[in-house]
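Number of protein chains: 2
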Amino acid sequence: MRKIINLSNKPYFLSSAAVGGYEERRGPLGESFDLCDDSDLFGMESWEAAESEMGRISLNIALKKAALAESSLDVLLAGDLENQCVASSGGLYTFGIPYVGLYSACSTCTEALLLLSVLLSSGELSLGATVTTSHNSAAERQFRTPVEYGAQRAPSAQWTATAAGSFILSKNKTAGKNVFVNNVMLGKIVDGLTKDGANMGAAMARAAFDSVYTYLSLAGKPLSDYDRIITGDLGAVGSDILCELFTKEIPGAEHIHTDCGKLLYSFEKKNLHSGASGCGCSASVLAAHFLPMLESGRLKNILFLSTGALMNPQSVLQGNSILGIAPVINICSDAE
Amino acid sequence: MRKIINLSNKPYFLSSAAVGGYEERRGPLGESFDLCDDSDLFGMESWEAAESEMGRISLNIALKKAALAESSLDVLLAGDLENQCVASSGGLYTFGIPYVGLYSACSTCTEALLLLSVLLSSGELSLGATVTTSHNSAAERQFRTPVEYGAQRAPSAQWTATAAGSFILSKNKTAGKNVFVNNVMLGKIVDGLTKDGANMGAAMARAAFDSVYTYLSLAGKPLSDYDRIITGDLGAVGSDILCELFTKEIPGAEHIHTDCGKLLYSFEKKNLHSGASGCGCSASVLAAHFLPMLESGRLKNILFLSTGALMNPQSVLQGNSILGIAPVINICSDAE
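Quick mapping for you: the protein sequence lines, in order, are chains S and H.
For the first sequence, the residue numbers in the numbering used here are 1320 to 1655.
For the second sequence, the residue numbers in the numbering used here are 1320 to 1655.
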């Protein structure tokens, strides 16, 4: 049965970091990123190694901001889109932090923050981190074709973000910190009712709707309690579908909806089509954009739900429907 | 910092199920499996669909044994070896159970049981399940070459089990149930110091040793407290390496060590080489072999650590070292 998990200890955000590539720096949030590398290579020799390095750099920045040594972390939860999630394991093993590997497609950031919150709240662990990454060129050659081939992209296609987002959370309220995870709700797999691998936004919109609808029903609080409902990477196409569902079933929700995939790039850049996607999209936008707004008290109460499309190229070729999932975390600020 | 997580509520095993294919039925544990299909296809048309179906069947059997409806489960944790873990998502979404996707290679069974134990112990969730699967033919064509090509295999190579294991756990002691998770310890990624994709046992042996050594140091109890130290799928080659390390560093541990990968098949069958591997290996051997021994009280206290090799074919081709991980759960029996 779907439940809201109320956390007995509310885990606080100690620090975060957003790292990106060329397109991310050029986008409207570019200035808010901690580090961007215009070469997308981060000093490495392959896109895959670059993704690993980007994750490593982002965790290092978050550790530095929190003035913590890696040895003080009790757990690290991570995931990415590369086959067998090697970007995360390969980039993060040198930290020596107890490790939990996750796969929930582009919803992995929220899944990781959700599980970290429960692990911390249960009391035995004090400090933990999450790292989620994606790399456009690594994803393109794995899921579609190498970018060098110059394949034509569908208008509904999204641009996998070259981005990493890291978060460090503490079990308890910490001096000077005011953003915390209030409660969480696990995602449920929902059939996206599409087999179109170039329209992930549509495939995930129903899962996002299902999660918001269920969460609001279970929480039983008025919509006006929430400042924003933030989805991960529905992009323009998926966001339109979600907002249409909102208008019918949760009137008003469409006015407080925002999507990280729509925020990361400027829509004047036509080749990015429907917007951003990837594990790094919602992670970096939360770190670079929404967390500062919560810290300043501009936002006080948000529903954050990264959205994932559960598929691989072979499953699409074999004619399977694309499945969506959208775990939810309720992030609040007690800033004065 | 690595810690043993003591569970405030000890989650109890309500039921389990082991499902396998042709080789699994022929092996020494074949009689203990709940269901085996000699065609390895489980009525489906592709190996990938067969793996999904196998996972689905195993959860259905576990639900039936526990006399539970799927709607009573609060969480389902699952993972497999297929790219983007589609075997799990594709096979399990019809249950409609809140879902957590995991990737920890062949250690996913222990990772899932570990996280489920913490989720249940934290108090808000009452019932949960784990499902982990692997399929020989799906794995061969994804990681190496389709079996139909008849490629030569190295003597150190292992045979990915066509197997699924499901477990249903309850937050609290339940009438008639006597096997519980006592405490857990997260895995740490350890460099396997090998780049040989045909010798996963060697790559994982160091991670297994690191976990056992750390666990025993932290627990501070004599080795004689434990009936067995059970690794997931080191196979013959990896087990030899681990036992050599035990002999030097934890004398006596080698006498209580067993490996699921060595138990699943008969070693007379030469083409299976170093033994079994895969997410389904340790899961099905725990369900079919060790859990009944704990239920009967023949075993009272075991350390169970599935072992995972974090790599993909491309990461090996790019010259990366194979990384190992081995989360630990301490499973006990209070059978009279």
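Don't read these hints as lab results, they were simulated from the structure.
Treat the hints with care, since some could be wrong.
It does not matter which identical chain is used: a pair holds within one copy or between any two.
Straight-line C-alpha distance at most 30 Å; calculated DSSO-like pairs for lysine-lysine [said to hold, decoys possible]:
id	residue 1	residue 2
1	LYS1540	LYS1514
2	LYS1383	LYS1322
3	LYS1383	LYS1567
4	LYS1514	LYS1329
5	LYS1384	LYS1567
6	LYS1514	LYS1383
7	LYS1384	LYS1322
8	LYS1322	LYS1492
Evaluation of the provided hints:
For the identical chains of this complex, LYS1540 and LYS1514 are neighbours neither inside a copy (36 Å) nor across copies (54 Å), given an alpha-carbon limit of 30 Å. Proximity of LYS1383 to LYS1322 under the C-alpha cut-off of 30 Å is restricted to the inter-copy arrangement: shortest distance 23 Å between copies versus 36 Å within a copy. In the homo-oligomer, the alpha carbons of LYS1383 and LYS1567 never lie at most 30 Å apart, since the shortest distance is 46 Å inside one protomer and 39 Å across protomers. For the homomeric pair LYS1514 and LYS1329, neither the shortest alpha-carbon distance inside one copy (40 Å) nor that between copies (43 Å) is at most 30 Å.
With identical chains, the CA atoms of LYS1384 and LYS1567 are never at most 30 Å apart, being 44 Å at best within one copy and 42 Å at best between copies. In this assembly of identical chains, LYS1514 and LYS1383 lie within 30 Å of each other by CA distance neither inside one copy nor across copies; the values are 43 Å within and 33 Å between. Taking the shortest alpha-carbon separations for LYS1384 and LYS1322, only the inter-copy value of 24 Å comes in at or below 30 Å, while the best intra-copy value is 34 Å. Taking the closest pair of Cα atoms, LYS1322 and LYS1492 come within 30 Å of each other both inside a single copy (24 Å) and across two copies (21 Å).
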